[in-house]
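Just so you know, the protein sequences line up as chains E and D, in that order.
Here the first sequence is numbered in this note's numbering, starting from 2 and rising by one per residue.
Here the second sequence is numbered in this note's numbering, starting from 4 and rising by one per residue.
Incorrect hints may appear among the rest.
Said to hold, decoys possible - Where chain E lies over chain D, by a calculated footprint (3+ residues, C-beta under 8 Å):
#1 133-142
#2 235-242
#3 251-265
Unchecked claim - In silico DSS-like links for lysine-lysine, alpha-carbon gap of 27 Å or less:
#4 D/K243 - D/K229
#5 D/K132 - D/K224
#6 E/K30 - D/K132
#7 D/K229 - D/K132
#8 D/K224 - D/K243
#9 E/K162 - D/K96
To be verified - Examples of chain E residues toward chain D, derived with CB under 7 Å:
#10 S146
#11 F147
#12 P148
#13 F159
#14 I258
Rather than coming from a laboratory, the hints here were simulated on the basis of the structure.
Just so it is clear, CB atoms sit at the ideal spot from N, CA and C, and this is done for glycine as well.
Given next are the chains, with one letter for each unit.
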Amino acid sequence: MSDVTIAAPAAAREETPFRRFVSEFMASKIAVGGLVVFTIIALLAIFAPWIAPQNPYDLAQLDIMDGRLEPGAVGGSGIVHWLGTDDQGRDMLSGIIYGLRISLTVGVGSALIACLVGASLGLLAAYAGGRTDSVIMRLVDLQLSFPTILAALMILAFLGKGIMNVVIALVIVEWAYYARTVRGSALVERRREYIEAAQCLALPTSRILFRHLLPNCLPPLIVVGTIQIARAIALEATLSFLGLGVPITEPSLGLLIANGYEYMLSGKYWISFYPGIALLITIVSINLMGDHLRDVLNPRLKK
Amino acid sequence: MTVYLLRRISQSFLVLVAMSMIVFIGVYAVGDPVEILISPDADQMERERAIQALGLDLPLWEQYGVFVWRALHGDLGRSFVYNEPALQLILQKMPATLELAFGSMFISVLIGLPLGMYAGLRPESPGSKMIMAGSILGFSLPTFWVGLMLIMVFAVQLGWLPSTGRGETAYFLGLQWSFLTANGLSHLIMPAINLALFKISLVIRLTRSGVRETMLMDYVKFARAKGLSPARVTFVHVFKNILIPVVTVVGLELGSTIAFSVVTESVFAWPGMGKLIIDSINVLDRPVIVAYLMIIVLMFITINLIVDLLYSALDPRVRLEGKA
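Can you make the complete structure from the sequences, with help from the hints?
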């Protein structure tokens with residue numbers, strides 16, 4: 002009886018593409034799990050100053066005497082270091098929460114900028130065609146023929162360290178993925194009648210591109226975007242581990258792991274181990290969402 | 004075919020010229036070339052002489068000409084740190100990197116192929132689901148962190164394998180190789196597995212989908228109908244047909260394996276090209292950076308050229324597209 006009363010208003014609601022997408026996404030427990038975990042991580046990163054037991058950048062709060070304490074040990078200031086401390090006496094849990102902040106900012110930020118640049122160029126290539134198309138796509142081919150890590154390494158070798166430089170490097174190595182994706186779907190969409198109709202109405206090109214063409218190319222873009230955020234976070238961590246990424250004053254997860262390298266050989270595993278676990282959970286949760294989004298948004302898999 | 008070949012080679016050449024300009028501008032125009040190319044320890048007299056010798060008083064396009072001319076003669080500058088020609092320094096480190104890359108490609112096929120076959124033959128079994136979940140993990144795990152954890156477990160805790168370095172080497176074809184000695188081999192295992200991790204996942208996925216497609220083919224059905232044993236069908240009919248695409252893809256991954264060895268070499272202090280470039284960037288040994296970039300660009304352009312030519316030889320559609 003109660004089933005009927007709940008189901009009736011739901012059926013009365015209009016079925017929009019967005020609602021259908023949400024309900025299909027929610028059908029997979031693994032994807033929802035990924036979303037929940039990622040939301041928790043994002044909230045931890047956003048509210049770091051209120052959650053972390055210690056401000057890891059405030060040198061006054063650090064005590065060198067607390068250096069390299071084991072997980073669960075109580076430090077001189079009375080804080081319990083659940084995940085131990087590093088060589089500076091920095092609480093690892095706090096360091097990880099603040100590190101997540103930097104890793105996510107760099108990863109998500111660079112993915113968004115790359116998406117903006119790549120999607121615009123991809124749209125332009127598909128819509129303009131001809132020489133514009135071939136110039137942009139040759140650039141894409143060139144970019145994709147070099148492994149991301151090498152291209153990023155090259156750029157950082159010239160620009161030097163720093164958060165902004167890492168973001169620039171990530172944008173340069175990632176825009177091509179978005180451009181290729183958007184061009185592919187835009188080439189199909191631009192032959193549809195609604196574009197022809199819009200052109201007959203003599204709408205400005207920018208309006209046709211961004212209001213008509215782009216929204217219809219969104220599904221594959223969302224899938225690529227999700228996966229690319231995970232890749233950007235992993236790449237940033239790798240670059241920082243190699244000492245080419247973020248500066249030592251603002252350690253991301255990769256730099257925290259690098260800091261623990263020398264202590265690990267003497268058995269002090271926690272300095273490298275826990276930041277790595279945090280990195281792993283972040284990447285896996287994004288990949289699980291991306292994997293399922295691909296199934297949901299792929300029209301070929303629709304019955 | 005000849006037209007396609009010529010067009011493709013001239014394209015590669017153009018890319019090479021473009022990349023050499025980017026590297027040149029990166030070094031000569033963005034920063035102060037005097038600071039970049041001349042050791043900071045040099046006094047005023049030495050600086051003047053070096054500026055003359057390097058032609059830094061010439062206009063930029065002439066300098067580019069000098070840079071290319073010298074590069075064509077194998078002169079990419081001398082390392083500040085080692086005081087050796089940069090090119091020679093890098094070429095010395097190349098065997099170590101190639102050894103690591105080929106070792107990891109071998110391991111990825113050795114581990115990935117059987118696991119992928121199993122997952123493809125019994126897609127619904129719990130073992131297959133675990134293998135597939137593991138392959139997602141293999142794509143997600145940060146390589147450098149896994150390397151650290153391998154060192155922690157197998158070198159520090161268990162003490163089974165050495166943590167860093169190349170170990171003893173033996174000469175073969177005039178070059179030093181680790182895999183020829185037992186000690187060197189024990190040094191090679193962990194870095195090679197670490198570098199192979201991503202490729203193992205790739206091979207598992209490729210093999211699995213290959214097996215599932217091949218199982219539906221008529222010739223497999225026919226072999227079964229003929230009354231051949233399942234083992235013979237699996238290992239002769241199916242295995243042979245998935246081996247070619249898998250080996251092709253793994254071969255094409257050589258370039259990215261060499262690129263990603265930068266990370267593995269840094270973790271395991273493996274004395275290859277990757278570790279050299281990271282060390283050089285950290286101490287600003289610019290001639291080595293320039294030389295490394297030029298060599299790696301040349302290497303990738305060559306690999307991409309070979310890949311494209313192989314594809315066009317295997318798939319005539321590529322050639323036709325080139326003509327249109």
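Evaluated hints:
Residues of the segment 133-142 of chain D lying with their CB closer than 8 Å to a CB of chain E number 3, which satisfies the three-residue condition for coverage. Residue count for the segment 235-242 of chain D with a Cβ under 8 Å from a Cβ of chain E: 0. That is fewer than the three needed, and the coverage hint is violated. Requiring three or more residues with a Cβ within less than 8 Å of a Cβ of chain E, the coverage given for the segment 251-265 of chain D holds, as 5 such residues are present. Straight-line distance between C-alpha atoms of D/K243 and D/K229 comes to about 18 Å, which keeps the hinted pair within the 27 Å bound.
For the given pair, D/K132 sits about 25 Å from D/K224 by alpha-carbon distance, which is consistent with the 27 Å threshold. Our distance criterion of 27 Å between C-alpha atoms is met by E/K30 and D/K132, whose separation comes to about 16 Å. Restraint check for D/K229 and D/K132: the C-alpha separation of about 31 Å exceeds 27 Å, so the hint is violated. Of the supplied pair hints, the one linking D/K224 and D/K243 holds, its CA atoms being roughly 15 Å apart against a limit of 27 Å.
The suggested pairing of E/K162 with D/K96 holds, with an alpha-carbon distance near 26 Å, which does not exceed 27 Å. A distance limit of 7 Å between C-beta atoms decides the matter here; for E/S146 the minimum to chain D is near 5 Å, and the interface restraint holds. Checking E/F147 against chain D by beta carbon gives a least distance of about 6 Å; that is within 7 Å, so the hint holds. Proximity of E/P148 to chain D holds as hinted, the smallest CB-CB distance being about 4 Å (cut-off 7 Å).
Below 7 Å, beta-carbon pairs count as interface contacts, and E/F159 has one with chain D at about 4 Å; its hint therefore holds. Because the beta carbon of E/I258 sits about 6 Å from the nearest beta carbon in chain D, less than 7 Å, this interface hint is met.
Violated hints for the displayed structure, listed by number in ascending order: 2 and 7.
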